[in-house]
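Q: If you read the sequence shown in the UniProt record's numbering, its first letter stands for residue 1, the second for the next number, and so on.
Just so you know, the hints here were simulated from the structure itself, not pulled from any lab data. Some hints could be false.
Ranges between beta-carbon positions, derived for each pair [stated by the list, open to error]: (1) Gln179 x Asp253: 44 to 50 Å; (2) Asp29 x Arg212: 14 to 20 Å; (3) Ala254 x Ser83: 49 to 55 Å; (4) Arg151 x Ser83: 43 to 49 Å; (5) Thr66 x Trp154: 44 to 50 Å; (6) Tyr20 x Asp97: 26 to 32 Å.
Cβ atoms here follow ideal geometry from the backbone N, Cα and C, with glycine treated the same way.
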Amino acid sequence: MTIRELHDSDDAEYRQLLKYAFDWSMDDDEEKANIMEFQHASAWGIGEPLVSALTAIHLDVRMGETTFKMAGVSDVASYPEASGQGNIELLMRRALDTLVDQGFTLAYLMPFSAPFYRRFGFEDAITETTNEVKTARLPKVKMPAGVEVRREAWATAIPTLKTVYDRNPATRRGGLVRQKWWWQLRPLRDTGLQAAVAYRDGNASGYLIYKRADDEFSVDECFYDDAETAQVLVAFAFAHRNTVKTYIYRTPDAGWLGDLLPEPGALTSTTRAFGMVRVLNVQDFLQRYPYTTNDLGPIVIGLSDEFMPVNSGSWRLAIEGGRVFVERTDAEPQVQIAGQQLVKGSLASARLRNWPG
Numbered sequence: 001m002t003i004r005e006l007h008d009s010d011d012a013e014y015r016q017l018l019k020y021a022f023d024w025s026m027d028d029d030e031e032k033a034n035i036m037e038f039q040h041a042s043a044w045g046i047g048e049p050l051v052s053a054l055t056a057i058h059l060d061v062r063m064g065e066t067t068f069k070m071a072g073v074s075d076v077a078s079y080p081e082a083s084g085q086g087n088i089e090l091l092m093r094r095a096l097d098t099l100v101d102q103g104f105t106l107a108y109l110m111p112f113s114a115p116f117y118r119r120f121g122f123e124d125a126i127t128e129t130t131n132e133v134k135t136a137r138l139p140k141v142k143m144p145a146g147v148e149v150r151r152e153a154w155a156t157a158i159p160t161l162k163t164v165y166d167r168n169p170a171t172r173r174g175g176l177v178r179q180k181w182w183w184q185l186r187p188l189r190d191t192g193l194q195a196a197v198a199y200r201d202g203n204a205s206g207y208l209i210y211k212r213a214d215d216e217f218s219v220d221e222c223f224y225d226d227a228e229t230a231q232v233l234v235a236f237a238f239a240h241r242n243t244v245k246t247y248i249y250r251t252p253d254a255g256w257l258g259d260l261l262p263e264p265g266a267l268t269s270t271t272r273a274f275g276m277v278r279v280l281n282v283q284d285f286l287q288r289y290p291y292t293t294n295d296l297g298p299i300v301i302g303l304s305d306e307f308m309p310v311n312s313g314s315w316r317l318a319i320e321g322g323r324v325f326v327e328r329t330d331a332e333p334q335v336q337i338a339g340q341q342l343v344k345g346s347l348a349s350a351r352l353r354n355w356p357g
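Assemble the whole structure, with the sequences as input and the hints as a guide.
A: And the structure:
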């Protein structure tokens, strides 16, 4: 089967495939979001007319002070008559090989089936925890002095949201480097989002992204610089208690929040698998990973990567005075791992929220 790279002229045909494959009735905002993603991605397809396709959105993620190019694999789809013929495997091989050539080190995706994508070297690494509490069981939280909250229109708030997000340490655990287009896309993907920004001495010190619907107040994201800002954002959220019955907070952090309530048992907390990761370029990843030690090894790691054999083999890793040395070697491995184990060992605490796809 012939694989072809898709271009802007193929976008409309691709959307028709997505609508049918996922029974997806795109509204105007969703179509705008899909077009915007396509403009910041590479895509490949099979068939004329198109019968199978996938997209790799061009993104970056931060780990410590290191930035890696990351491909967000999404919109993996086939028409029913083309399913089960190996099209997705062919497309995935072409896509991942091309992405390595383009300098991408990692790939993330949100799977419909973990076993299916594990065949291609992806592994679970990202979770989402949903915390839920009934309004009647919330404590009263005072609005501290010195910090104020303003509700702001999304479009005008983007520069402020981006500034607060970019400087927060939590975003350096595998989180996205969010470009302006990403912030513009977000409310198209999730209608009803609102933003509240906290200010201390006229400078933004935190924000809350939330939604109100169906008697629920849902916190989608909350970042803050200090405890007073956190308190003022919580007080702002709780000030809606007369109009909602339930509060929901979704976060990549799996830490228990029940201890923040007078009655910890009032909180219901559930954690689910959210995303998978694969290392595309093992040598670059090992070379630039933000290790927490200045001295290591040398150690010889035997790595097996069935789907991308270029990564397989023995790798010698050493750290001397903070300098990292990685090279291929014929030496006998001291440790033998699969590519998925590398993901689990180094990225299982990756942080990601609402990335496109």
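Q: Just to be sure I understand the hint, the distance between the Cβ atoms of tyrosine 20 and aspartate 97 should be within 26 to 32 Å; is that true here?
A: holds, 28 Å
Q: Are alanine 254 and serine 83 spaced within 49 to 55 Å by their CB atoms?
A: Given range 49 to 55 Å: violated, Cβ gap about 35 Å.
Q: Between arginine 151 and serine 83, is the Cβ distance one that fits in 43 to 49 Å?
A: Roughly 46 Å apart at Cβ, these two residues keep to the hinted range, so it holds.
Q: Quick one: are glutamine 179 and aspartate 253 within 44 to 50 Å, going by C-beta?
A: About 24 Å separates the Cβ atoms of glutamine 179 and aspartate 253, which means 44 to 50 Å is violated.
Q: Between the beta carbons of aspartate 29 and arginine 212, is the distance compatible with 14 to 20 Å?
A: Check passed, 18 Å falls within 14 to 20 Å.
Q: Do the beta carbons of threonine 66 and tryptophan 154 sit within 44 to 50 Å of each other?
A: violated, 30 Å
Of the hints listed earlier, those the structure fails to meet are numbers 1, 3 and 5, in rising order.
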